[in-house]
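J.: Given chain B, work out where chain S should sit, using these hints.
These protein sequence lines are chains B and S, in that order.
Just so we're aligned, residue 1 is where the first sequence starts under the working numbering, counting upward by one.
Just so we're aligned, residue 1 is where the second sequence starts under the working numbering, counting upward by one.
Quick caveat, the hints were computed from the structure, so don't treat them as lab data.
It is possible that part of the hints are untrue.
Note: identical chains are not told apart, hence a pair may lie in one copy or across any two.
What the hints assert, rightly or not - Subject to a maximum C-alpha distance of 30 Å in a straight line, what follows is the list of computed BS3-like cross-link-like pairs (lysine-lysine):
{"no.": "1", "residue 1": "K71", "residue 2": "K342"}
{"no.": "2", "residue 1": "K418", "residue 2": "K251"}
{"no.": "3", "residue 1": "K373", "residue 2": "K325"}
{"no.": "4", "residue 1": "K443", "residue 2": "K505"}
{"no.": "5", "residue 1": "K251", "residue 2": "K443"}
{"no.": "6", "residue 1": "K233", "residue 2": "K418"}
{"no.": "7", "residue 1": "K505", "residue 2": "K325"}
{"no.": "8", "residue 1": "K115", "residue 2": "K71"}
{"no.": "9", "residue 1": "K233", "residue 2": "K251"}
There are 2 protein chains.
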Amino acid sequence: MEITGKNFIGDRLSGIGEEHFRTFNPLKNIENKTLFISATTTELEEAVALADAAFPIYLELSDAQRASFLKAIGDEILKISDDLIDIYCRETGLDQQRATGEMDRTLFQLQLFAKTIETEDWRNNITEHALPDRSPKPKPTLTKTHIPLGPIAVFGASNFPLAYSTAGGDTASALAVGCPVIVKSHPLHSGTGAVVATAVIRAAQKTGMPNGVFSNLNAKSYQLSHDLVRHPKIKAVGFTGSFSGGSALQKTVFNREEPIPFFAEMGSINPIAILPEALKKDCQKIADKIGHSITQGAGQFCTQPGLLLTIDGASTEDFIEELTKVLKGVGQKCMIHPELKKNYVRQSDKINRLEKTIEILAHKDQWDDQFVKPKLSIISGEQFIANPQFQEEVFGPFSLVVKCKNLKELEQLILHLKGQLTGSIFAPATHYDSIHPLIQAFKSKVGRLLFNDVPTGVEVTAAMTHGGPYPASSDSRFTAVGPGSIYRWLRPITYQNWPEELLKKMIN
Amino acid sequence: MEITGKNFIGDRLSGIGEEHFRTFNPLKNIENKTLFISATTTELEEAVALADAAFPIYLELSDAQRASFLKAIGDEILKISDDLIDIYCRETGLDQQRATGEMDRTLFQLQLFAKTIETEDWRNNITEHALPDRSPKPKPTLTKTHIPLGPIAVFGASNFPLAYSTAGGDTASALAVGCPVIVKSHPLHSGTGAVVATAVIRAAQKTGMPNGVFSNLNAKSYQLSHDLVRHPKIKAVGFTGSFSGGSALQKTVFNREEPIPFFAEMGSINPIAILPEALKKDCQKIADKIGHSITQGAGQFCTQPGLLLTIDGASTEDFIEELTKVLKGVGQKCMIHPELKKNYVRQSDKINRLEKTIEILAHKDQWDDQFVKPKLSIISGEQFIANPQFQEEVFGPFSLVVKCKNLKELEQLILHLKGQLTGSIFAPATHYDSIHPLIQAFKSKVGRLLFNDVPTGVEVTAAMTHGGPYPASSDSRFTAVGPGSIYRWLRPITYQNWPEELLKKMIN
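Okay, chain B solo, but in the shape it has when bound:
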């Protein structure tokens, strides 16, 4: 299919702007062909006006109608899956297997949200009947339900062009519960976004959705993003990306006259605490598991373990040796974009310059392309505590090993961390009493706590929490993954004293 490079203002293609850009093929180290046209303020206003007009109509549709829309999006994506996987690979350097896996996850999420609204009491309806004889005063009938907030702005992730972008988790969860969505397309994969947007618009038309329920805007510069989140008719924001990008948007949201929910998932270094007792038993297995988790997808996952907390001693030395072997065995990996590779090299070098660290796997950086190799650095607990820069995320296949003096120092170090998406503990199950302080420390810092397991591989399910204390996410009370993520876009409303026959018409 042809990718026009234009914006989707509802079902209309538009490209009146003067800012143009191309996406990049990191495998071939060349720009892709399509010229994308950034949306203008006028186009943004049009998209928002359409979304605002679509909202009261979309809101009134039945759950079955919105579910059919979500399922149709999946069908339309499947119809153009060859084109989609082709452009995905050309815009990311990721392989076909990863592309297919992520597409499957996207399709699964669309199905999941469709099923949630079709089969579950997702509005958490509570009805309390009247007590006309109650003293001192009768009780009226009360019915509590949940309604959508309004048009939502979605900012997809650079590292998940499908599952956390155009028709990814944020979009699918918002559309499911009745919120129109305006996606600000990620400039690193605008082509992938355009192909998905085509599928969404086709699905909207085929299932009779109001025009404006979905728009997709291109932009290379940041201005449009800020204009979007400060627009009075945008009622919530979903963001997946870097801390700097998320913080900048949050600032703009905070300066609105009307504050709105801003849910940003901004990455994490996902500490893993490894006890010598675990290593004594399973050193090689653990090194394998962690090594694979560090380097999977060139380390470009928000749940990549960038911090390994160990206790100094022979077992840890063995582990580092094993892990080094595993990492050396991993071939070079292509990063999504030259800028990300540059950042990776710059940041991992910076970490190494901060202290006299042992650099185990520092390869000569190859600036002629986007391939990188895993790096591992080692510091002491004291060094880690002394410099907050060691807590900065290095996006890529890097991990920092911290050798603590003892379990107490390890606990202190966890308490010293910023908020994280995940934390993990490797220990024998028989050692609960000794790891209890670590569990308590991690509980105050993470959204997901793993035992003898690695954080990559997020299950899309009701029991998942993807989020965590700031800065892992901007509001730890919500998950960005799984059916529970719909509550980011809903608010409760109570109907008082309404006759039952009217209530039936008011609650879908």
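T.: Chain S alone, transformed into the frame defined by chain B:
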């Protein structure tokens, strides 16, 4: 009992500051005796440090232990209820009946939250078992639960010295789920606050709670409030009060390095739409009901109906006449404080000066004491739309009648409103089709929508929503009243791959 005027830093009384103030008896038009000592920065730091130290201990207590603490608070309040009601009346000018009613509500809330955590699955635990044979990759055990955020700052309301203050809804809901609470006592009823704080501290000691689980700080000026909400160890804020106070604190929260949940309930004018068809049938009954709702508690409720949306015509004229009679029949009412009376007179006069309005009940203002009489003003729909100042809350027994040209204009006017706690429609149940646009318009604006009923008299129950789109509340996704209000202070966490016998120890 003696009220010392000191701060409760955990279980220790402290008064090292140099700012002093007294509360005011509006009925007698004199200051009360006790000299209160504002907390200093040092005392604030001590209270926060104690709360932070108490948190990991409090968190580990069983639901039964925390429930026994809440119930003990109720018992201790009952033991000193005579003193409490005495000081309540002396600090507010409200009568004994209201004081007793509010005390009963406070005791009921403490019982409700105790019962919620003792008997309900309030953590919304979800367990998904492992699927070791799943392809392409096994699924680990996942268990999702909810944990408390940490120490909470609570700012009570001037108009609810008991139910929404020291041991009111915010405090009780936070304590119930494991969050230590620091109350910034309201300077208009610091004596009432001190008596309640005494009960809370006694209950904490008797039930073996960690010291610091509760503190109560006096302050006349605003500085301490801002210092409290910007403190890095405070993890959420509950506020009930004015828009100006709430907005100022929100700004400070927004400037924190770590953003935290800020739930403010900032008042509302609670529009009531009244159709001629309803008036034709029940004019006198409706006027009675609304008149009582406007003037109850001297109009000092956040759900007081300050805006009556009508359709111009004979029925509405009859209604205004009836309502006028009802309001004239209401004797003069004592407001809580001279400042509130001054504001009432100033704001209601300002509304009347904004347009050439018909002032039906403007009495000569009596500046020698705190008594006021109800006021009613009338404007057209056009006048209302033209000036946003008509949307400002007049705290007291005031209501503004708007005469719309027709139903369409009434709908437009609702859409023009800011967010509200409540909206009401008076209409015959047979007129659903004609009120449908009003329902839709109100749904986008309110947290509670009533039918042939008035908004005062908030039920404390699971089906209640007390909150609403900004500026009624700062986050419409939560209710401030009822068992659901605990979710303001909780966040989800997922445990992955933990053996069942360890999980049992980790989830209370």
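J.: Next, verify each hint and record whether it holds.
T.: These are the hints, each one checked on the structure:
{"no.": "1", "hint": "K71 - K342", "verdict": "neither (40 Å within a copy, 60 Å between copies)"}
{"no.": "2", "hint": "K418 - K251", "verdict": "both (19 Å within a copy, 23 Å between copies)"}
{"no.": "3", "hint": "K373 - K325", "verdict": "within (13 Å within a copy, 84 Å between copies)"}
{"no.": "4", "hint": "K443 - K505", "verdict": "between (44 Å within a copy, 13 Å between copies)"}
{"no.": "5", "hint": "K251 - K443", "verdict": "both (28 Å within a copy, 29 Å between copies)"}
{"no.": "6", "hint": "K233 - K418", "verdict": "between (33 Å within a copy, 13 Å between copies)"}
{"no.": "7", "hint": "K505 - K325", "verdict": "neither (65 Å within a copy, 37 Å between copies)"}
{"no.": "8", "hint": "K115 - K71", "verdict": "within (9 Å within a copy, 42 Å between copies)"}
{"no.": "9", "hint": "K233 - K251", "verdict": "both (18 Å within a copy, 21 Å between copies)"}
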